[in-house]
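Please arrange chains B and C on chain A, whose structure you already have, making use of the hints.
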Amino acid sequence: MTMNSLTTVPTWARLPRRHVPVLATLALLLVMYGIGVSQYRAFSNIQVIFNVFIDNGFLLVVAVGMTFVILTGGIDLSVGSVVAMTAMVSAWLLQSGLPALLVLVIALLIGPTLGFLMGCAIHFFEIQPFIVTLAGMFFARGMCTFISGASIPITDGFWTTMSQYRIGDPRGNFVSVSVLVAFAVAAVAAYVLAYTRLGRNVYAIGGNPQSALLMGLPVGRTRIAVYTISGLCSAIGGILLSFYTLSGAPLIAVGMELDVIAAVVIGGTVLTGGSGYVFGTVLGVLVLGVIQTLITFDGSLNSWWTKIVIGGLLFAFILLQRLIGIRYK
Amino acid sequence: MSDAKNRFQAMVGHRLFWPVAVLVVMLAANTLYRPGFLTIEVKDGHLYGTPIDILRLSAPLILVALGMTLVISTGGIDLSVGSVCAISGAIACLYISKAPDQNALGMVLTALAMAIGAALVLGAWNGILVSVIGIQPIIATLILMVAGRGLAQLITEGQIITINSGPYRAIGLGHFLTLPLAIFIALAAALLVAAFTRRTALGMIIESVGGNREASRLAGIRSGRVVFLVYVVSAVCAAIAGFMMTANVSSADGNSAGLWVELDAILAVVIGGTSLAGGRFFLSGTILGALIIQTLTTTVYAMNISPQTALLFKAVVVIVVCLVQAPAFRARFSRRRPGAAPPEASPQRQKEQVPA
Amino acid sequence: MTDSRPVLTMTGISKSFPGVRALHNVDFRLFPGEVHALMGENGAGKSTLIKVLTGVYGIDDGIITLGGEQVAFSGPMQAAAAGVSTVYQEVNLCPNLSVAENIFIGREPRRFGAVRWGEVRRRARQLLARLDLDIDVTAPVASYSLAVQQMIAIARAIDVQARVLILDEPTSSLDAGEVEQLFRIMRQLRDEGIAILFVTHFLDQVYGIADRITVLRNGTLVGEHPTAELPQLALVEKMIGKELDVLERIEEHPRRELAALEGGTPFVEVSDLSRKGAVAPFSLTIHAGEVVGLAGLLGSGRTEVARLLFGADRADRGQVAVGGKPTGLRTPVQAIDRGIGFCSENRRAEGIIADLSVRENMILAMQAARGWLRPIPRRRQDELVDKYIKALSIRPANPDVPVRNLSGGNQQKVLLARWLITEPRLLILDEPTRGIDIGAKAEIQKLVVQLSDGGMAVLFISAELEEVLRLSHKIAVMRDRELVAQLTNDDAVDADRVMQTIASGSQREEANQ
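Residue numbers (this note's numbering), protein chains in the order written: chain A, 97 to 425; chain B, 6 to 361; chain C, -7 to 505.
Isolated chain A (complex conformation):
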C-alpha cells in the first residue's frame, strides 16, 4: 500500500469545514441586518451600526479573552464579576483622589492578577476550571460590595473625556474611544493566536493536552497565560464599562459571562477547544448586539425575548457544530 492511497479525504472537501461556523455566523448577521433595514427605516442609518459597537465594545473585549480560554478547552466564569470589580475599584480610587493614570494602572493589574492565580490553581492543583473560576466569580463580586454597597459615580476629568469624546465623520456619525480600544484588542488577539507560539500552543492544548505535553509544549505556562489574558481582557472591559457608565456599581454585569460564552460559541469557537477564531467572536458579539437593537427597534417585543433568542441561536449553532462534525476528540 502506498502512502498516497491513505489520504482518504480530498483536499477541496476538507478545507472549508473549519470555516463553516464562522461563515454561518456572518450569513446570520447579514440576514438580521437585512431584516432590520427592511423593517425599520432608521435602521439603515450607519450610526445604528456604530451604536452596536459603542454599546458592546466592552463585551467584545471580554469575549476576546474568553476565546483564548475556550480554545484551550477551559472556561472562565469570573469575567462578569471581574469587569464589575475593575469598574468598582476605579470609581473608588478616583473618588479617594488618586490620579487617573495611577488608577488606570492599578485597575488594569487586578484582573490579570486574579486570572493568574486562578490559572495557577487550575494547573498546579488540577482543580476543574469551572470550579476555580466560579470561586473567582464569587470573590470578585464579593469585593465589589466590600468596597461599597452602592454605586460610586466617576467625575474624573480623564474618564469623562474618554466617555464623551467622539471620533466621527463630518456627517455626524461617530464612535467612542471604547470602540477603538476594542478593535485594537481584537486585532492584537487575532495576531497573537495566528502568529505567535503562545497562540499556537493555545490551539494545540485545545486539540489534545496530553499530546501537547509530550510534544514538549509549555502546557502549564500556556494554561496560566490564557486565564491571565482573560483577566486582563476583563479588566480592560471593566475600564471601558466605567467609561460608558461613568460609575462603578456593585451589581453591574451580573450574568455577563453567559452573554460572553454565548457570543464566543455563536462565533464558531468549539467549546471543547482547539477550533475557532477571534474574527468569529467579533461576529458573535455583533449578532448579540444586533438582536438587542432589533428588539429595541420593535417596541412590542420585551427584553426577555433577547434571552430566548440567544438561547435559540446557541442551540442552532451547537447543532451546526455537531452536524459538520468539528470534534477532534
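If you are wondering where the hints come from, they were derived from the structure by calculation, not from laboratory data.
Treat each hint with caution, since some may be false.
[Unchecked claim] Label-pair distances were calculated between CB atoms; the ranges are:
#, chain 1, residue 1, chain 2, residue 2, range
1, C, Gly169, A, Glu222, 56 to 64 Å
2, C, Val325, B, Ala199, 55 to 63 Å
3, A, Ser247, C, Arg103, 19 to 27 Å
[Said to hold, decoys possible] Part of the chain A face toward chain B, derived, beta carbon under 7 Å:
#, residue
4, Leu354
5, Leu367
6, Ser396
7, Leu397
This structure is a prediction, so every number in the text was calculated from the model and none was measured.
Note that beta-carbon positions come from the ideal geometry of N, C-alpha and C, so glycine has one too.
Positioned in the frame of chain A, the structure of chains B and C alone reads:
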C-alpha cells in the same frame, strides 16, 4: 498508640471528614461569636432558632443539589436548574393568582402538577440534547439556562406575581411536627432519591455510565436512557425547589428566582466529594455541602455583612474545600513525608491498596 | 560498527511507585549509529525506563549521562532540546492542527516573534519528502490514518537535531509495507550517526533492524547482547524467564476433533455480514463447545468482526442466525440477550469501570440484563463474586477494592468474570492476554480450554499465532479487512501455514463443509 494514629488517619481519609470538619468549625465559630447561636426555643408549638432556620433555608438547595449529584455522577452538569426553578415557580404562581379561591387545596395541587409537568418537559429537553444528540452537557444546559430565564419572564410578563395562598405558602413556611415543612420535603426527597438509587441498581448503573460510558454500553447498559433519566430527575428536583423559593416570599419573580442556585448546587456536590468528572456519587456528602453553604450564608447575615459580600467568604470556602480534596494538592503535602503517595493517587486510594 | 564511546549511558537506575518497584538498578547504554532494541514483556519496565530518560518521571537513584555529561531532564521538551527525541506508541499529535504545524510546533521558524507560515509549510514538505510521504501539509492531522500520523510524528522527532531517537512501539499500527518504509528511514538515520532506541513486541522486526538488544524483566536488567549473538529462542527465554514451561503444559491437553463439534445447528451462523470501511462481507459459523481463533495482523479487521458479532457496531448488510433462528444483532443489549459476551481488546477504555469496585464490575453485565429495578441481592452477589475470585484466582481477593488498583491481568480476569456470570453461550475474547503477565496469561488460556470443554463457544482473537494455534479448533484468517480463509486446526496446520495465509491470502480453504 499506632492504632490510635491509624484510626486518626482513617478518619481524616474518610471522604466525609473534611466537609463535617468545616461544618463543625463554622458552627463553633458562630457559637463563640454569638453564644445564643445554637439555642432552640419553642414558640406556638413550633421550634425556632438559628439551626432550624439553616435547615429550613437549605431545603431548596438540598433539593437542587440532589438532582445535580446524579447528573454530575454521569459525568454531566446541569446549568439550567436555576431557570427551571424560576419557570416552575412562575407557572405555579401564575395559575394560583388567576384562581378565584387561592386557598383551595385542589387548585394548588393542580398548579403544582402543571409546573412539574413543565419541568418534566424541560428535563426531557436537556436529556435529549445530551443523550440523543450528544451535545456536551455544559453547553446543552447552558441553552436552557439562558433561554429559560427569558421563558420565566415571559410567563410572568416581566412582573412579579404576588399570590396569597395558604396551602402554597405552607410549602415554604408551613410547619409539621414542630419543624418547618420544607425540612421534611427535602428529607423525603433525599430519602426517595437514596432509595431510588441505592435500593435498586440504578445508583451503580449511573456510576458505571459516569465512570466509563462506552464500557457501560458494551456491558449491556442502555447508557442513553440513564443519562436522559438523570436530567429529568434534576429538573423535577429543581421544580420542587422552585416552589419552596416562591412560597417563601409568596411571589414569583422570573428574573431573580433561583438565580445562581445552579452554582451553589454544583458547589454542594463538589464539597460533598462527588467528582465533577463523573463516577462515584455521595448523596450524604451533597447534603452536608448544602448545609455548609447555607450555614455560611446565615453566618454572614448574622454578622451584619451584606449578602453580596458573603460571596467573598463563599469563594474562600470553595477554594479551601477544593484544595483540600484535590489529589494534586494533597500529594504536594504528603510528598514531604517518606513513602509518600504518587501524584495521581489520593490518600484514600492508597489506603484501599493496603490489602493488596 | 559503533564508536567506542556511548552517546547515552544510564547507570544504576531505580524507580519505585507505591507498591511497585518499576526499575531496580538498571544499566543501559546507547552508541551513536546503532539501532538498539529494548525488549521485555509488558510490565518489564521499558516504558518507565524511557520516561525516566526523557524526564517524565524523576529517578530515585542512578546516573544518566548524555555525550559524557551528567543530565537530568525536567521533561520531554528539555530532553528534545538536548537531542533526545521520542515517538510514542499512541500517536501524540494535535488532531486539530495542520500537518506542517504538528511537525514544527514549539520550534516554528519565526521572524520578529511572528511564525513564518510559508517557511513552516516549505520545510514540512521537504521533511516529509525525505520520508517519501506526499501529503497535504495544510490539512489537519485528524484527516489522515494512524499510520500516516505515526510518520508525521517521526518527521517531527527527526527534525530536531536529534542525537538519540526513541521509538516506543512505533510499528504497532503499521502494515508490513509501512514498517519496511520506517525501517528504511531508521537505517538512513542510523547511518547519519543517530542512536536509535527501538521498542517493539515483534521479534521479527528486532532481528530485521536491531544491532543490539537489551532485555529487561520485572524491572531489572537481564542482559545486553549484540543481535547476532542472541538467537530468537534465547531472547524469548530471557524475556519471559523460566515461566515458559507454564505455557507448554496446556499443549498437552487433548484437543477434541472438530468434526465432533460441528454436527448439528451452529450456535451462530453469519452470512455475508459487512460494514463499510470496517470489514468486507464474511461468513462464519461457530458451534457450541468450539474455539474459533481469529488470526491476522493488527488492523486486518479482527476486532471489527468481533464488534459486529456483538452489535457494538451495526452491520450494513448480511444475516445472522443465533441458535438457528434469524436475528438482528444491532446493539450490545440484543447480543447479550441472545447469550453473547464480549471482552474488548481495549481494557481500559471499553472494559473496566475504573471507579467501581471489583464486585460491581463483575456483576455489571448481569445487572444490566436484569434491569435496574431488579437489583441482584447482596447474598447472590457475594456468592457469584467469591466463586469467580476463587475460580480465576483474582488478586487481591477483596471484592470491594476499586478495580483500578488491580494489575492488568487481574483486571482482565474481572472482565472475564463479568461475562462468565451471565453464563453466555458464545464468549468473544479480543486479545484477552495482551499486556498481562505470563502467569495470568497461562491461566486465561487454561480457562478458555475449560470453558469450551463445558460447551461454551469461544471466539478467540489474538495477535500471537502460537496462542491461537494452541487453543483453537478452527482458525479464521483475516487479511486487509477480509476473511480470507478458514483452516481446520489439525496436525497439518502450524504457524508457518497460517502466516503464509496471512501473507498471501490466496490459499483459501473451507474447513467447515
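Here's how the hints hold up against the structure:
no., hint, in the structure
1, Gly169/C x Glu222/A: 56 to 64 Å, "43 Å, violated"
2, Val325/C x Ala199/B: 55 to 63 Å, "28 Å, violated"
3, Ser247/A x Arg103/C: 19 to 27 Å, "49 Å, violated"
4, Leu354, "6 Å, holds"
5, Leu367, "5 Å, holds"
6, Ser396, "13 Å, violated"
7, Leu397, "11 Å, violated"
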